[in-house]
Each structure stands twice: as structure tokens, then as C-alpha cells.
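Put chain B on the given structure of chain A with help from the hints.
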Amino acid sequence: MIFRFTLGLAVALALLEPAAFAADPGAPIRERFADSQTQPSFQKHVLPLMSKLGCSGRACHGSFQGQGGFRLSLFGYDFKQDHEALVVGDAPRVNLESPAESLVLLKPTMQEDHGGEKVIDEASWQYNILAGWIRSGAIDDSAVNSEIGRLEIQPAELIFGRAGESAPLRVLAHWRDGAIEDVTDITRFRTNDDSVAKVDELTGVVTAEGRGDTHIVAFYDNGVAAVAAMLPASDKVGPNYPTIAASTKVDELIAAKLRKIGVVPSGLCSDEEFLRRASLDICGALPMPEEIRQFRANASPDKRAEKIDELLLRPDYAAWWTTVICDITGNNADQLEIAGKYLEPESASNWYDWIYRRVSENTPYDKMMEGLVLAVGRRPSQSYADYCAEMTSYVRAADPADFSQRDTMPLFWGRRNMQKPQEKALMFSYTFLGVRLQCAECHKHPFDQWTQEDFNSFQAFFTGVVYRRQDRRDPEVAAMMRAVGVDPDAGKGNGNNPGRQLAQAAREGKTTPFPELVASSGPQKGKNGPKQIKKPNAGARVITPKVLGGEEVMLANYSDPRQPLMDWMRSPENPYFARAWVNRVWSRYFGVGIIDPPDDLNLANPPSNAELMDYLTTGFVHSGYDMKWLHRTIAASDAYQRSRTTNETNALDRRNFSHALLRRLPAEVALDAITMATAGGAERDRLHGDVRSRYIGLKATQGGSGRGQREYSLGVFGRPDRVTTCDCERSDDPTLLQSLFLFNDGEMHKLINAGGWIADLQRVERYPDIEEQISRTRARLKQQEQHQEEKRAAATRTELAKLQAASLANISDRGALVEELYLRTVSRMPGGDERAAALELLHGADSVSSGMRQLLWVMLNTKEFILNH
Amino acid sequence: MSSHVFCDGIRRRDFLAYGAAGAGLSLPAFLEKTVIGEVNPAARGKSAIFVQLAGGPSHIDTFDLKPDAPDANRGEFKPIKTNVGGVEICEHLPKLAQCADKYAILRGVSHTLAAHDLGTKYLNTGNRPLPSLEFPGYGAVIMKELSGDPDLPHFVAVPNTPQSGGYLGPAYGALRTGKTPKVGERFSIRGLDLEKGITLEDIRKQQDLLKRFDAAFSDFDKRDPLVSGLDEFNERAYAMLTSDKARQAFDLSRESPSINLMFGDDGFSASCLLATRLVEAGVRFVTVSLGGWDTHADNFTQLKTKLLPPLDAGLAGLFNALSTKGLLDSTSVFVTGEFGRTPKINQRSAEGGRDHYPRAMFCLLAGGGMNGGQVIGESDATAAGPRSEAIAPDDVAASFYKSVGIDVTKEYHTPSGRPVMIVRHGKPLTRLWS
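Residue numbers (the numbering used here), protein chains in the order written: chain A, 1 to 869; chain B, 870 to 1303.
Just chain B, same shape as in the assembly:
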């Protein structure tokens, strides 16, 4: 299980939805779930993958290098050419350089929240966090807007995600695998495999009985998010158990060797491979995560030895495998951390580190009909801020949603009846489609 303690001492292993915190406690909105109707049928994205780089990856050392910046900022990494003319990225990302035509690099993405939890919430919801309202993560909104295969979980987190159902309620939370798979091996989700001697028929009988006996809570109580959440998860668990689809999708030993070869042998690569299989099977939304980017000290050694190699192998594998399987066009991919890191190198450790820096960061967007092979936005000479117009996380979120056909100006209602737009302040970045 990927587990990293950030500089503020909070361990982000769980990213659990503490839905009960804050006034904006969830509602059983799925009871009034609309059919897919409101989704724009013209959108090509049918599924989405969100890659969380927890801790805040350095932008200036990865996708926004400044070879001409002063020594105090530049860092030791050199840029290399990619397969897209004029686009350069870090030398420690050679595989990603060879598939740069498949993704768009967003530079000069900018916000002001330099704490891990706030920045993470912002980038995982597309809404600046408010004290009174817990916004739903992308996975929750996509689960709500795009009805999925009933035999599959709609929202899977490998292994964990900070995205919660927010004010939509715990029913829109992820199935968290809690552990990381291995390439080529069966990945079992506990509770998903049938016990010896138990048949699907037994399971069906049990569920019928449960329906009859679990009636003690009147309809009135169903307005409680806990009741509706439990109902929803029970239905989901039953559907998954009675179908082979989920079990097969999670089984990485069924993947063809040629696809396996596209990935590294690290856990992040395997997570990315699992994400492609899940999307292929029909899961709507998958998050994968690679942590450890909180490089306050020894920034460069950590990046080149521990962080960039798996990022390179996993992400390049993800893009290439999706493309080979013919899924890239219908699958939107969003890669981001919670913020960038200070362009100025701090001197607190022998080789220096970089601190939290929300004013400039990078994101990657790919697939789902969005045009890859381009750089959108630009940071200034030292990557200290956007050169001209900043890209807000809200804009990236609006683009991501647009690619799967979701209109972000749609209003939801919180449990207290407050109308809230899916993304309150974002505009899609038109260059992704032109």
C-alpha cells in the first residue's frame, strides 16, 4: 500500500471521505438518479482515469524545465526532446518523451492553497475548498452522471483516493482496493471471490432474503445518507458478486504479454495496467496514485531514483496500452499533484529541496477526444508563476468533465437544498479541442 507521511505529519494512506465532517452532509441523491440523458452524447470520453501524484510534484524538474533559469532555481536535470517538435521534458522521463503526442501538457496552472489537504481537495474536486461544504470528487460526479455497468463498481481507487462523495453522500465513494497489484498476477479483492462451496445461486437466495428482512428502517429513514449509502453498497456488492466481469477485470494474469511489456514491474505500473483493464471492462472511473512527491529535502536524488522512473514507466504504459487497445479516444486521463514546488531550491538539506508552491504547477490531460501533442499555458522565466493568463484548477476540471460529456454548469442540490454547480468557476480550455 502506498503510504507517505507528508511534511505536515498527516499520513495520506486513507484519503478517506470523512463525509460526516462539515455541514454539507450528503444526501441520497442517487435515489433520484437521472438516466444518462443529461450527458452530452457528442463527447467521446466514456470513462476516465485520474492519476494522483500525492505530495506535490516539482513542475520545474519534470514537465516545465527552465534550462536558462539561474542556478538557484534551475536544478540539475536537463531537458530532452520528445516526439513532438518543440516540446521538451525532463531527461528522466524518456518513455513519456516518446509518446508526447498522446497527451497535452498544461503549464502555468496556478492556485493559492499551499497545504496538502486543501490543495488535494481543490485538485480532486475542481472547486476551491469551502469550510461549509464538502465537494464531491471527480469520481463521484462521474458515477452520478454516467450510469455504468451494474455488474461492475463504477468508481475504483487503486489503492486509495482523496475523492469522496462529498455532499452527494458516501454512496458515491470509491471501491478502494487498499493494496497495489503486481503485473502478471491475479489481484484479488477480498470479498469478491466466492468461498468454496458457495454458488451464485446461494448468493441470489441470500439477497432475496435480505430484501425481505431488511425492512426495519422506514422509507422516511432512507433520507438519511447512511441508510441510502448502505443500500447502494449492498446492491453494488451483490451485482459484482453475481457476475464474473469484475473478477476477470481485476485479474492481471489474464492480460496479454505484449501489453504487460509496455509497463514497468513497479506497483504504480501495475496500477496503471489495472486501470486500463478496468476501463476496458466498463468501469467508469479509476484513480491510481503515486505518492512521495513532497520533496522538501534531497529533491533531485528522490526524483531521479525513486519517483520519476515509476512515473515514466507507468504513465507511458498507460497511454500506450490505452492507445493499443483502442481505448484512448474514449478514455480521458488527468494527471496532477496538489501543487508545484518552489522554483527556488531551499538549502535545508545537503543537495537542497523544494517546498510547496501552488502558484505554478503542471497537469497532463489525454484522451477522450482531447488533442495531445501540445503544450497549453506557459510559466514565466523561472517557472514562478504563469507568464500571462493563469490556468485555474477549475479550468482543468471543466475540461476534464467536458471530455466525458458532463456540463459543469449543471447544478446539484446539497442536503440543505443549496444549489451548487458541478464546477463553480471553471471554463474548459478550448485549445484541447481545436
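Bound conformation, chain A alone:
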């Protein structure tokens, strides 16, 4: 069979790769071990071969219980354990006296019974690797070997011409000592989407299956590398590709990718669509009707860029992105008892406010996160008593001090599910690095480079970080408790609850003892202090902390063990810290990350557009971690402003940003939008001006105390509990319960009917002479005030306010009402047919208000309302 293979540019790029000239990678493994002369290495050849053959997989000897009395470390990379499993024990798999009698040779060749069937032939190159290693003494050379620097795949990318075409891959291991080796034959391969390209697991030959783009991933030792494999979606490639204007660097980089895969992007969306989309994504809120009218009327050619700048200045922007950051940092009142029992709602609010201030002031992202990473309880030289006074001041009910002014935000470390060092390591890598380390807690990560040792070395940073509960046996604590009338020796029970009493005292402003976050490099003392971490089966060896994929750190040089981590995250070459945030922000604007899922940065999950990812990350770091730079750069791109209407080349594209993807409004945003769309004029203005009282403000954050209906609706729309290390905890999928909620829930009926916009309209109907009514009411109020009938006056004042609000609703102009309805809900003017249909309905309705009530219900139930498009 002859394969036509159009690599062209890709091959040329691969040849230009300087490393290809640096050293000779040698012949392929199968040739070098074709005879038994070459000496194999345990780490470089034997274990990768056994991994490739599947020996260390979960189904075979990698199972935690082993298989047939022989256990290898799962997915390899525990050299010591694997070496021992092979050479020592009652029935060693290796026979040094007569190598050919080794079980590790007899079984896979089925000379002796093997549950896993025959996997290699005698005298094959695979056999020679195993046999040669045994003959040379079966030594574990992992300690003397250099570590792998990187894995390289040639060619650098694969662009196929049609389905069925194949291309071979070559995999080179670059060791840190400069050696390069062709390891293709003992590399494992995986495709990330086998509907686009398949890979032969033995040979690494890639075959195009269907249109689209994906990656083929190679695994060798703990190196992981990925190569893009593409089959263009249309014949519009190369010279056939139309000229697409790219107004920003972001668009240039996206166009470069689209050109390769024959995808033509959609055109730009309308001004109304842009305004709605940008308001939702930047501010988590729908635009106000007046704003839409003004934007439509604005003739400035730069009005979109100007609008982006304007939106970024609003408190709504700060509130919504504070909500996002509270998601990834895990602000959940139910988890905060350690930081102050029975004061959880205050703690959650303080957490929100602390983030809010920094987003609002556009504090550099690294600086803000440093406030979490390096958080401590006491300031240097602050006494415990002063610290407790300070903490009390933040939770007292009357005129609380401003927690957001604190330099650091220790609550992050105070969550119940973040007390063990391994929990801290998992949460830390999720929040700040977008890296999922879960697998490596127990074994080598199957898809990423992380080994169990990496995990242990990483969690060693956190052993000295402890949120200390106040100890009632401590005389100072006991004295403080007595001072507020709580007996430190009394237990809980018999109606006695010291914790609740302390919380009550703190709310009253009386200084009470508080738990405090401490971080030190030395081992912690005390009952709750951490013990030395022991690696399973490794005796009492203390693990040296090591940053992920980096160097070992001598903690003795630092007073705070987290300082070297922060330094590492800030270093320009850090591959995670800035990138994780950039990617998360991008995913909120596009509904899909450049790396997706957005919180899964791993070598086997490469970005769909690496150049774009790098450009934005570098730009973000160079901007001084300026969050607004990032928002502006993304929102100002053509890519963000594209229409949702697709063409035949990009209809199926969901990962290259060639058109807008529909997204359901996030829970808080949806409920705010419903509330604002149904609110009466005065209430709407109040909510517009007071973002803290909205769902994207504190309304959804405090939790704990306010369980009930509000919580129900937030849950129905997928607000995350913020307890797991996954962005996917927030669900933006539609469900039947959501439809039932919008269609018929009591809460919806109440919002539409009671006290809102529709009620205003009813009031106008009831009082056709509303202006006269207002002046009569005003006169009555004056009288009541003169007679000091305070109770009556208060009621009259309320009535007056309602009448004044209602008087603003112009009920005679039905066309204006219909316009207002459309602007309130779908943020655009009604089309001609829509206007006519709505007017017809109003004409036939019992009253204008009842017709408007129906129409408002209808619009809130449209797809156009609940989707961001």
C-alpha cells in the first residue's frame, strides 16, 4: 500500500529543530537490540518495555495486589520496588546464575504457564532487552542515570490530506546529561480522540480517521509528549483559504490554526449581541435597557473597545470575578468552622470581601494570590491578645472592621477539607496551578509526568502549615474565655455550648480567643501538628520538598515553607501559575478553554492552540499580572466577538474559537437576571447600584445560615458547593428541574407577580390619575408627620414610594412597554413581527398589566433569555 502523506511544512519544521543535530539518537531500539550484544539499562529499557507490554498495568502486575505473586508499581516509576519485585523474594523473577531460566523470560514467552498469555517471542529484541539486563547482573541503574529532560516527537505535527492516510512517529528521549535516544519502540502511545486519528500502540504509526484535530500522546519513562494530528475540515486550506482580517495578535494566532484545519470563522456579531455577551461575561449581568439604547445610538467606531473598558470599571465586574475566584479558592461557609466556629457566614463574607477589594483595585494577580499562599494569622510581633482583638473586630455585628484591609487571607487554609498535608497539596495545585495531582498520591500518574515521589516531595511544603485551634488549657485562652463569661472547663451539653457563647460574644464585640494560621519550616509540635511524612514502604525517610517538575528546596533557608513555592510560581518559566489563570479566564469567555478541561493542565492534555496559550500567558506576566489586561485582550478580539451562526466549515468546531458557542447563564448570573428583569423600576435601580445584595455579590456566598428557597434555585442552576478540586463542580447544563423552575416554580411566580414591574403597571391601572393620587398621598403624609403618627406615616411613605415608582411606568405607550420587555430580558429591540405579536396580545388581554405579565413570563422562558449567545 502506498500512503500519500502531505507533511510538507511540518517535516521541514521538524528538521529545523536544533536538538535533532545536537547528538545522534542512534538506531531504533528494535535494531539496537536485534542481537544480544547491546547492554540494556533497567530504567531506560527494561521498565519502559514492561510498561509498553502492559506488565505494569492495573489489569496485570500493576494491580495493588499483584498478579500471580508478582507485583510491579502501577504505571511504573517506582524503581526500587520494581527492582526488588524482580530480583528478591521467595520466587525471584530473575535467575542470575542461569539467566535463561528467569521467570521473567520463561513466562512471557509461555515456556512456563503465564496468565497473561504469550507477549514476546524468544530471541526477539524484546527478549534480548530482558535477557541482556539479567546477564549483565540485573542492576537497578536508576540512581546513577540522568533524569529525563524532555520527550520529543518527530514530526512536530501531522496534517493529513484525507482519511486513511498514515504516518509514522519517532520518539526521542532527551536526558539531562545530553544523551539522546530513539525510544519509539518502547514508548506507549495514546490518541486523545480516535474519531480523528488512531495510533498503532506497538509501532506508533498514526492513521487519519475523520475530520478534526486532536493530539497523539507518547509516554516513556516519566516523559510525556504530544503531537497534533489534523485532518482539515474542508478543502479550504493553504492557498484555498480565504483572507481573514485579523485585528489582534490573538486573532492572528487563531487564524494560523484555522488555516491549517480548513475552518473558516463566522463573521462578527451584532452590537446588541456584543453588548449582552460582554456584559454577561465581564460583569455577570445583563445590560440595563437604557444602556442598550445608548450603545445602539453611539456612532463611535471604537464603541466596543470603549464599552469593554467601561464594563471593567464597574463593581459588577469585581463582584462576578470575585465569585469566580471564590469558586477556585473554595470559599464555602460550611467548611469554615476551624477558622471560627459558628462564625462561618462572617468568614465567608470576609473571604469574598478580601478578594473583591483586590479585583476591584486590579491588584496584580500574583500579588493577590500571594496573599492566600503566604497567609498567616498574626502579623510579625503581634501578640496573641492583639490578634484576637483584631479578629473579633472583623466579626462584631456593630460596625465591623474591614477584613479586606488585611494583608493576607488565611481563611483559604482554614477549610475543614484542607487540614492534612496531602489535602493541602491537592487543593494548592488545583487552585494555583490548575494541576490535578490526585493520581500521584498513590501511584505514578498514568497520563502525566507526576510520580508518587513528586507528590510526596510537593506535600512536604505543607507539613509546617497549620490552622491551630485555640487550646482551652492555655492560660491566656482560658482567661480570655472567662473574661467574656465562658467557663473554659465546661463541656458541651446540658444546653451549654461554649463555642456558640464565644461566637455570640465576638459578635457583641468582646474579644474572644481565635484560631490562627501558622507556617514554619520546622516540624510542628502539639497534638494536631503534623508528623513527618513517611513514604509508604520507605521507612522513616523524611521527604525533601520539591516544586513540581523542578528542584529540591532546602526549607531551612526560609522562615515560611511556602515562600519558595511562591517564588517558583512567580518565576517567568513557571509553566502553570499564570497559564492556569489565563486559561480559566479564557474558558469563561468562550465556553471552552485553550486547554480543556480548563483546570487540567497536563502534558497529555495539550492546548488546542499552543501559540495562543503562550502568547497570552507571556503577555499576562509581562503586563505585571494585570487581570484587566487579560480581560481586555480577550474581549477585544474578533474571536470573542464572532457570531454564533456557523458556516459549513466551522459548524462542528468546538475547540478552535471559530464561532461563538452557546452557554447557559451561570446560576448566580441567571438568578440575578431573572430578579432584575422582573423588578420594579425603583428596586431595579437599587439592585443595579448595590451589587453586594445580588447573587453575584454576597447573596450566594454567605450560605450556611440562609438555607432554603434561595439555595434551592442556586442548586437547580448548578452553583458549585466549592468542596471538590474540580472546576466541573459548577454545572451549566440545562435540566428538567430548571425548566420546571422557570415554567412553574412558586419563586418565579412571586418574582413576576408580587412587588415588581408588573405590580407597578397594575398600580397605574388602578389609579389612572396617578399624579393626583401622589399629591393626595403626599398631603396625607404631611399631616401624619405633623401629628407625629409615626407608624401611619411609615406606611404612607412606603405607599408613596410605590406610587412614584409606578408613575414612571408609562402604560399608555404599549409599543414602549414591549420594547422595555425585550430590552429587560433578551437585551435587544423586538423585531417587527415580535412587536406586532406582542401588541396583538396586549390588545386582547384583560388589561395591559395582565398581558404584560404573560409576556414577561414568556420571555423569561425563552432560550434566548437563559443562554449567553
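It is possible that part of the hints are untrue.
Within a straight-line C-alpha distance of at most 16 Å, the following computed EDC-like cross-link-like pairs (lysine to aspartate or glutamate) qualify [to be verified]: (1) B/Lys947 with B/Glu957; (2) B/Lys1080 with A/Glu834; (3) B/Lys1074 with A/Asp846; (4) A/Lys802 with A/Glu772; (5) B/Lys1074 with A/Glu840; (6) A/Lys546 with A/Glu453; (7) B/Lys1065 with A/Glu834; (8) B/Lys964 with B/Asp1134; (9) A/Lys367 with A/Asp626; (10) B/Lys964 with B/Asp1113; (11) A/Lys628 with A/Glu361; (12) B/Lys1213 with B/Asp940; (13) B/Lys1091 with A/Asp833; (14) B/Lys1080 with A/Asp833; (15) A/Lys367 with A/Asp567; (16) A/Lys546 with A/Glu147; (17) A/Lys628 with A/Asp366; (18) A/Lys750 with B/Asp1062; (19) A/Lys628 with A/Glu310; (20) B/Lys1213 with B/Glu945; (21) B/Lys1091 with B/Glu1104; (22) B/Lys915 with B/Asp1134; (23) A/Lys750 with B/Glu1247; (24) A/Lys198 with A/Glu157.
Some, not all, of what chain B presents toward chain A, calculated at C-beta under 10 Å [claimed, not checked]: (25) His980; (26) Phe1024; (27) Leu1061; (28) Arg1081; (29) Phe1082.
Note that these hints are calculated values from the structure, not bench results.
Backbone N, C-alpha and C fix where the C-beta goes; we use that ideal spot for every residue, glycine too.
Chain B only, in chain A's frame:
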């Protein structure tokens, strides 16, 4: 709401379908929904109930006891006889022992995925999870293949389920009740009860209006799974609201006392009772769930005090009530966790625990024309693996589907056009029918 944090820290309360994750994003397949035609009319199962034992129940302490195994494995529970000769189960499952003729015990079910989420996906779809494809759960496939009563939800999860529409799209997701019912009490689903002063006529008028006004998204946009999902859920919500069927089915206070007596007074029992009522009314697929099986520590105390009593009461009630109502023959029941637990007892807690163990686990299958009162498959002397041939989760899935007349070799197409069989590698277990 049942809510358990597993050892990996993930709380499985929601089991939500994160359909947007992964490349295999859903398609509006229901638009091209075929009528029931392709379902085998000979199959007796018309509805199905899936019981999720989240966390991975210990097989060796429940349905696969090894009284002769060494101390390090055996555990403290003794076997008891059942009403089927030669079949023994755990002493803490006395009610289930008395109705063992109604279900088949599958032993030596085996796979290799020892993480909760992967194992859960496997057992809830019958397909080993792939990174590039989100498989639909049983409920989604059954919803697609067996057209149901339009006035009822087709797929109800009490309270939640890990089964999603997968590549079929969010439209095939479950109605999640989000909370657990109580025996003898009205169970209201918010949004399902009509508000005071609102008549069915009002609802009908509103829906007509919505149809007229919700036209802004062109037909082209309907190819988007979000659009089609919203349409589907709207239709469903409307149909449910305008009929009394659903409201009555959810109302446990309407159940007869004699049926109520078959169940315990715990939430799992009530969920099982609700499942029988829903199936009786015509709902195609119901999942119920009992969590907390992740017994890394204090395995035995947890089992005998917290887990086995409700399991015994609920499941026995389910089998007996279905049987009494004459529904067992037309209702397939599948009971499973995501994996078994290590036969060797770990020593990390005072009394020991058991860890994740996919190589040997149990499942129960009942009803839908499948023969109960038998044990299929066998584990080895220490319940450490299948004795001879393993039963794969794929085989159990193929059997379950077969009992409701679904041919698992049927191919669906993913949004990107990739053909995928309903169960990619399973064969029905013939002994269920012979």
C-alpha cells in the same frame, strides 16, 4: 439528600453530567428519535430500576462470603441460608435471604478501574470510560430506545445519579429529585405542583405563547445540544404539569398500607418504594441510590449498623412490592456499586477496613424475564478474583439491556459522526434466560 465524601475527596452528591467536558459533546439525537420499532417486542422488561451503591460495597461481606478463607480476609460476618437451596448471603441481610428466589447474584464480576469516578462511569454505562467520549448512562439509552408516556418524566433519579446523556446530549439527562422521600408522605417536586390560582388552562395558554415567541434561534441553532436540550426539557415540563399522573406517582401518601409495610422507614426504603410507584405509573427508568460504602476504615461496624440494614429493608421491599404489584416480570432491576473491596482487611483503623478492589465485585439482576434464584459466576477461594471466567461489567450491561429489549450492538453516532455501539464489548449472560 444522600451525600458522601469519598476517600479521594470528591463529593458524589451531584453526579451531574458535565456534558460539556470532553470532546464527545452531545447531539440533538432525539430530533431524529425513532419510534419504538427497534426494540425487541419479545422482551418482557418495559421499565427498569437501577440501584446505585455508591462508594464500592464489599462483596466478601455481603453476597460473596468466604467462610473458609483465612482470618486476614474472611471478616466477622457469617453466612445464612436463603430461600434458595445452596445459596447463602450475609447474616445481616435476613430479608433479602427470604426473597432470594426473585434475584440473581452475579459473583466474580471483574474490571480494573479502582478510582471511584472511573468505576462509577463504567458500571453506569456498560462501557469502559474513554478520555474522548462521554458514554450515555443506562437511563439515557433507555429513554432514547423506549418511548414513554409523554405526561411523565422518562428518567427519574432519586435523589441523584452519575448517569448522564453523555454524547446523546443533556436532553437525555435525569429528572433529579434532589432529596429523598419518606414512606407515607407526599413527596413534592418543586415546580410540579400548581400554584394557587393557576389553572391548567393558564398553563396551556402560556405554552402556546411561548411557542410563538421563542423563535429567535433559527433551525440551524437547533443543532446545538444546548438548544435542543432546552426544547426537550420545556416540552417535558409542560407535559408533566398538565397531567396529574406525575403528581400522583410521586405522592407516597397514596400508597396502600400493605405495600408500605414491606419497606423500612429509612430514606433508601422510601426511595425504593417511590421507584415502584413511578414504574407502576409508566416511568421508564428510575435510579435510586444508597451511598457510604467506601469503608476504608471500620468496615464491619459501618456495614452492620449503617449500611446493610437499609439495604436489606429497601431492596427486599423493592423486590417484594414489584412482585406483589405484578410488575417484577416487566421491570428489570440492576443493583451494583463501582467495584468490590479488597479481600484482605487493612489495619489502618482499629477494626480494619477494606480498600477499592475492582477485580472482584458482585451485582444483582432481577425481573424483566431474567431468572432469579441463582448464582452466576464464581470468585476464587478468597474472593480475590473470578475463579474461572470473569464477568465483565459490559456483560452485565448487555444482559440488563437485553431484558428490556435493547440490542446492544446497535450503533449510535456521536456529534462528530463517530459510530459507537450501545455497549461496545458485552455479551448477555445466557444463564439469566435458560
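Results of checking the hints against the structure:
Under the criterion of a C-alpha separation no larger than 16 Å, the hint pairing B/Lys947 with B/Glu957 is consistent with the structure, at around 10 Å. The suggested pairing of B/Lys1080 with A/Glu834 holds, with an alpha-carbon distance near 12 Å, which does not exceed 16 Å. Taking the CA atoms of B/Lys1074 and A/Asp846, the gap is near 14 Å; set against the 16 Å cutoff, the hint holds. Between A/Lys802 and A/Glu772, the direct Cα distance comes to roughly 14 Å. Compliance with the 16 Å bound is thereby established for this hinted pair.
For the given pair, B/Lys1074 sits about 15 Å from A/Glu840 by alpha-carbon distance, which is consistent with the 16 Å threshold. Restraint check for A/Lys546 and A/Glu453: the C-alpha separation of about 10 Å stays at or below 16 Å, so the hint holds. For the hint pairing B/Lys1065 with A/Glu834, the CA-to-CA distance comes to about 31 Å; that exceeds 16 Å, so the pair is violated. With a CA separation close to 14 Å, the supplied pair B/Lys964 and B/Asp1134 stays within the 16 Å bound.
Proximity of A/Lys367 to A/Asp626 is assessed by CA-CA distance (about 10 Å); at most 16 Å being required, the pair is judged to hold. Restraint check for B/Lys964 and B/Asp1113: not satisfied, since their Cα atoms lie roughly 35 Å apart, outside the 16 Å limit. With a C-alpha separation of about 10 Å, the suggested pair A/Lys628 and A/Glu361 falls inside the 16 Å cut-off, and the hint holds. Taking the CA atoms of B/Lys1213 and B/Asp940, the gap is near 9 Å; set against the 16 Å cutoff, the hint holds.
Taking the CA atoms of B/Lys1091 and A/Asp833, the gap is near 21 Å; set against the 16 Å cutoff, the hint is violated. With a C-alpha separation of about 14 Å, the suggested pairing of B/Lys1080 with A/Asp833 holds against the 16 Å cut-off. Our distance criterion of 16 Å between C-alpha atoms is met by A/Lys367 and A/Asp567, whose separation comes to about 12 Å. Between A/Lys546 and A/Glu147, the direct Cα distance comes to roughly 15 Å. Compliance with the 16 Å bound is thereby established for this hinted pair.
A distance of roughly 13 Å separates the Cα atoms of A/Lys628 and A/Asp366; the hinted pair therefore holds under the 16 Å criterion. A C-alpha spacing of about 15 Å is found between A/Lys750 and B/Asp1062, which places the hinted pair at or below 16 Å, so the restraint holds. Of the supplied pair hints, the one linking A/Lys628 and A/Glu310 holds, its CA atoms being roughly 11 Å apart against a limit of 16 Å. Only pairs whose Cα atoms come within 16 Å are accepted, and B/Lys1213 paired with B/Glu945 is accepted, the gap being roughly 13 Å.
Distance restraint check for B/Lys1091 and B/Glu1104: the Cα-Cα separation of roughly 15 Å lies within the 16 Å cut-off, and the hinted pair is therefore satisfied. Between B/Lys915 and B/Asp1134 the alpha-carbon distance is near 28 Å, which puts this suggested pair outside the 16 Å criterion. Note on A/Lys750 and B/Glu1247: the hinted pairing is violated, with a Cα-Cα distance of about 59 Å set against a maximum of 16 Å. For the hint pairing A/Lys198 with A/Glu157, the CA-to-CA distance comes to about 15 Å; that is within 16 Å, so the pair holds.
A hinted interface residue such as B/His980 counts as satisfied when its beta carbon comes closer than 10 Å to some beta carbon of chain A; here the least separation is about 9 Å, so the hint holds. Because the smallest distance between the Cβ of B/Phe1024 and any Cβ of chain A comes to about 9 Å, under 10 Å, the interface hint for this residue holds. For B/Leu1061, the suggested interface contact is upheld, since its CB lies about 6 Å from the closest CB of chain A, less than 10 Å. Below 10 Å, beta-carbon pairs count as interface contacts, and B/Arg1081 has one with chain A at about 6 Å; its hint therefore holds.
For B/Phe1082, the shortest C-beta to C-beta distance to chain A is roughly 5 Å, which falls under 10 Å, so the interface hint holds.
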